[in-house]
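**Q** This is what each chain is made of:
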Amino acid sequence: MLAPAPGYGATFTDVRRRLAALMQGAPPVASPVPLELVSRGVQDAPTLRAAEPLEAGDMRAHAVTGARAPRFAAFLDGAQRSLVLWAGGVPVVHGTVAAVIRRRNERRMTTWRAPVLRRALYAPMSLLPRDWSEAMAATDLPVVDTLARRTPESGHPFELQEIAYQSVLADREIVEKELAETWCDDSTQHLFIDGGISGSKRVARAPVAVGVVKSHQKLYVRAEDLPLVMRLQPGERSSVVRIAESKRAPVASWYLRLRDATGYDPFWGLVRIEIAEGQGPRREAGVGERADEVSRWVLAEALPLSVPDARWDKMVYGIRDCEEYLRAIQ
Amino acid sequence: MSELTMGRVVATEKRPNTAHEFHFWTAIDSPIGIGTIVRVDGDTPIAGQLPRVYGVVVEGFSNTDLQAPIHDVLGHDGTPDGASVAATQRAEIRLYTAHVLRQIPEEPLQPVPMGKVVLASDADVSVALRMDTYLQPGSHTGIPIGIYRAGAMEAPIYLDADFLLGPEAAHLNITGVSGLATKTSAVEWLLASIFAHFPGQKGSVAAICFNVKGPDLLFLDQPGTLEDADRAIYDKLQVNAAPFERVRYFAPYTAKGFTLNTLRSNEQLAHNVTPLTWGLNEVMQFAEVLLNKDDIDAKADAFIDFLQERVIGREFHETPLSTPHRVRTFGELEAFFRDLLRGMEDRSGGEHWRTHHVATIRKVRNRLSNISTRCAGLVTDEGTVSDLPFGSFQDRTVYVVDVASLEEDAQDLIFARVVSKLREHLERRDLGVSHVVVFVDELNKYAPGDGPETYVRKMLLDISERGRYLGLVLFSAQQFRSQVHRRVVGNSGTALYGRMDMDELATPGYAVLSPAIKTKLATLEKGQLMVRHPHFAQPIFVRFPRPAVLRGRDGAERFPQAGDISLDVAVMRSLRPLDASISLDWVKRTIAGHEETDVIRARNVTVQTRPERVQPFFESQFRRIVPTDAPARQAPVPIRSLPSDDPYGF
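Protein chains in written order, with this note's numbering: chain G, 1 to 330; chain E, 331 to 980.
Everything labelled a hint here was simulated from the structure, so no lab data went into it.
Among the hints, a few may not be true.
[Stated by the list, open to error] Here are the simulated SDA-like pairs of lysine to any residue, each with C-alpha atoms no more than 25 Å apart in a straight line:
| # | chain 1 | residue 1 | chain 2 | residue 2 |
| --- | --- | --- | --- | --- |
| 1 | E | 446 | G | 110 |
| 2 | E | 344 | G | 324 |
| 3 | E | 446 | G | 22 |
[What the hints assert, rightly or not] In silico negatives: residues of chain G with every beta carbon more than 10 Å from chain E:
| # | residue |
| --- | --- |
| 4 | 48 |
| 5 | 49 |
| 6 | 109 |
| 7 | 134 |
| 8 | 268 |
| 9 | 318 |
Quick caveat, the model's predicted, so the values are computed rather than measured.
All C-beta atoms, glycine included, are put in the ideal place defined by N, C-alpha and C.
The whole structure should be built from the sequences, with the hints applied where relevant.
**A** Below, the structure is given as structure tokens:
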């Protein structure tokens with residue numbers, strides 16, 4: 001007798017059992033470790049990108065002064081989990097993507113509306129044996145053909161696995177974007193977003209959205225200004241620049257040092273902040289004051305520490321809370 | 331009222347649930363705490379029935395997502411005040427461990443399932459503690475012990491009379507530190523509750539309380555002060571918030587014999603205080619209580635048996651006695667010994683009488699004669715007996731025997747004899763009531779776990795092991811349960827615990843309690859108890875109201891003890907309850923010229939007999955004093971003068 005068909009959102013174990021039953025054989029072989037722990041993921045090549053200054057004068061360090069009052073009402077983060085089943089030499093990835101907004105109420109965190117959670121199977125359909133294709137269709141999970149828009153260079157199983165992984169990552173960005181857009185449409189309070197905001201025009205233009213980027217594979221600074229950014233002192237920010245990538249909305253951005261990096265590498269406690277740029281011909285007006293204000297909000301999130309997370313120097317506690325929440329529901 | 335989900339059951343590999351224990355988490359502001367009773371509703375039917383599990387919280391845990399305290403220290407730069415500036419509070423968990431009280435269905439017995447956790451309602455508490463089995467209409471045997479309180483909910487907690495007063499189980503033991511009056515208050519409250527709720531079809535019930543210290547039990551018939559919260563509990567548990575209607579006090583006299591040896595000696599309260607005095611007959615049966623093993627060797631024991639069987643209470647005349655003896659009092663016993671020993675001394679070489687050596691006879695004489703001295707006030711030389719009303723005990727009546735001011739020997743004697751008499755009468759079913767609760771405080775003194783085997787300890791063991799079949803129920807109390815004989819506390823079906831000393835809680839007897847329960851016990855408020863009862867799978871915390879009687883300390887202030895009084899005043903006070911017309915002048919006239927011992931004897935006989943015409947009866951107890959004529963004065967004989975020529979004169 002076949003196992004009951006898993007419903008929408010079936011877990012990896014459910015799917016594995018279902019596939020084993022459908023194919024009347026031994027359960028499919030699975031890799032024990034999520035790809036997130038072994039894959040390098042989507043990483044841009046380390047580059048320096050010059051950006052158009054928005055703040056008057058040369059690039060310099062600005063001390064952020066004034067009271068650091070927390071103003072963020074909520075925090076948004078997403079997560080994914082990718083586990084591999086092997087159809088012979090072809091990887092089939094069970095991907096789970098999720099995003100949540102955790103709202104802060106009287107210093108305690110609660111979930112805003114419902115989190116988004118989606119599961120799907122990611123596989124190069126044209127390379128799969130027929131019985132696998134049929135069995136996957138019978139699992140009732142959405143099936144994403146990873147080669148629908150791409151052609152593999154070599155067909156190496158790891159290349160196929162990496163393509164699937166990137167598809168999962170792209171879906172994660174989608175759910176994060178959807179949730180952020182909903183907040184920006186419905187709320188007038190400020191939202192702290194883990195990562196950039198330029199992926200969505202609606203979010204990139206929303207005055208309530210603040211994106212905080214922790215990774216610095218791509219630095220938006222000229223080579224001659226790099227030492228200045230690397231030597232930012234705690235509570236200092238760089239001058240505001242305009243970042244306008246292709247296929248992305250332009251945003252105003254600057255670097256901010258959250259913690260004293262003495263004894264650490266130059267990226268210790270360094271984040272890049274993105275907010276909506278001003279509109280109209282005088283879009284530079286007041287951008288410095290605005291950067292100082294938002295920097296104060298971000299600096300106010302320095303406590304409590306996000307330990308034991310290894311990224312605690314850059315990660316604020318609200319985002320850690322989102323991650324813990326998503327880990328629990330995945 | 332819709333039920334609010336308070337938590338969810340959780341189980342991990344490291345901390346799995348079992349059939350007797352489970353874990354659940356709650357919101358950090360939930361009203362759940364140690365001792366709270368909860369209900370788990372399972373989601374998956376077992377044999378067609380959704381499982382329900384009832385449990386009581388025994389341990390609580392709280393933690394944040396921090397892995398080490400140092401992280402928090404670093405996060406605040408070592409300044410504790412920094413916590414207040416944190417924009418967000420750390421995620422925090424309240425995790426509780428509960429012990430299973432009951433599972434429904436009870437078979438198959440399975441580990442507690444995942445499910446939502448709610449606060450137990452009134453009905454849930456009843457089911458959880460299996461009270462539903464004895465609170466059925468028509469067969470209600472519940473005795474309220476207090477209320478269980480959680481959140482805004484208050485549920486009455488009942489003990490099963492069949493398991494408190496027999497025959498299924500019986501006896502109650504209460505432990506707690508001294509000074510909070512919890513033990514005495516709890517017993518006073520519980521007696522009131524028993525008197526109000528003991529089912530009529532189960533028979534009648536009375537209580538005998540031995541007051542072993544202070545004035546705690548001496549004002550049970552006087553109203554005390556109650557607060558509204560106490561009255562609310564009385565109302566909820568349907569117990570009348572009033573002092574006991576029928577209380578009788580018994581106390582021996584002081585050694586001097588003028589007044590009763592009790593703190594309840596105020597004249598306003600004398601109406602229900604009765605002397606407790608015994609004579610030779612009453613004491614001889616329990617001579618063993620007063621004579622230690624060094625006293626009673628085999629030879630002495632044999633001679634005492636001989637005295638009991640052949641001499642006491644009957645006409646006895648035998649060589650070398652000079653006259654027939656009828657021994658009924660200690661005085662007559664002394665006369666018997668004196669006559670016997672004189673007769674043996676008169677017979678040359680007569681060192682034995684009826685195989686008893688003269689030394690044994692002297693030893694027994696010495697020890698027995700000593701009893702009336704050691705127990706002066708209780709044991710009378712003249713044999714006056716004033717006793718508890720064995721055979722006419724009344725339903726719902728408290729009999730208090732005040733032994734607080736007595737020597738240890740006298741206390742032991744009273745306890746041994748009263749309990750023995752109760753047992754005898756209950757065996758014959760002629761006590762007057764079918765159940766008697768005997769309350770003894772300071773049990774670690776009377777039934778210690780170690781030390782020599784005493785008569786009193788043997789009696790307590792006997793009650794605790796066999797009393798329930800007779801309706802003889804022991805309510806005992808002590809500060810240190812660990813120091814009481816294991817069989818006494820082990821046979822107590824119901825156990826109450828007030829605030830406990832941490833040292834006591836560290837003893838092995840409390841190993842089954844969780845650290846949180848121990849901590850709660852060490853900090854219990856006055857008026858709170860932990861209850862163990864055969865129907866309850868786990869101990870339960872309850873609140874009980876302040877007893878509706880005057881507290882001992884307050885009573886002692888409001889009704890101060892009578893001071894030292896003269897013999898005539900003492901006699902007047904003793905006789906006035908029998909005849910209100912008796913005046914001090916009349917007493918003075920009547921006893922004038924009589925020996926103090928004769929006056930006391932006459933008073934005792936009058937009080938014991940309670941004659942219709944008190945004054946003539948009292949007067950008749952004295953031998954007439956015939957005034958003697960003064961001898962004629964002889965004329966003085968003049969001293970002869972010395973001869974003038976006496977050579978030795980001066």
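**Q** Taking the hints in turn, state whether each one holds.
**A** Each hint, compared with the structure:
Of the pairs offered as hints, the one joining residue 446(E) and residue 110(G) holds, with about 20 Å between alpha carbons and a cut-off of 25 Å not exceeded. The hinted pair formed by residue 344(E) and residue 324(G) meets the criterion: a straight-line CA distance of about 20 Å does not exceed 25 Å. A distance of roughly 35 Å separates the Cα atoms of residue 446(E) and residue 22(G); the hinted pair therefore is violated under the 25 Å criterion. Under the 10 Å C-beta cut-off, the non-interface status given to residue 48(G) relative to chain E holds; the minimum distance is some 33 Å.
With a cut of 10 Å on Cβ distances, residue 49(G) stays outside the contact zone with chain E, its closest approach being about 32 Å. With a least CB separation of 6 Å from chain E, residue 109(G) falls inside the 10 Å interface cut-off, contrary to its annotation. With a closest Cβ-Cβ approach of about 33 Å to chain E, residue 134(G) is found to remain outside the 10 Å limit, as its non-interface label requires. Here residue 268(G) stays apart from chain E, with its beta-carbon at least about 14 Å from theirs, past the 10 Å limit.
With a least CB separation of 6 Å from chain E, residue 318(G) falls inside the 10 Å interface cut-off, contrary to its annotation.
Hint compliance for this structure: hints 3, 6 and 9 are not met, and every other hint is.
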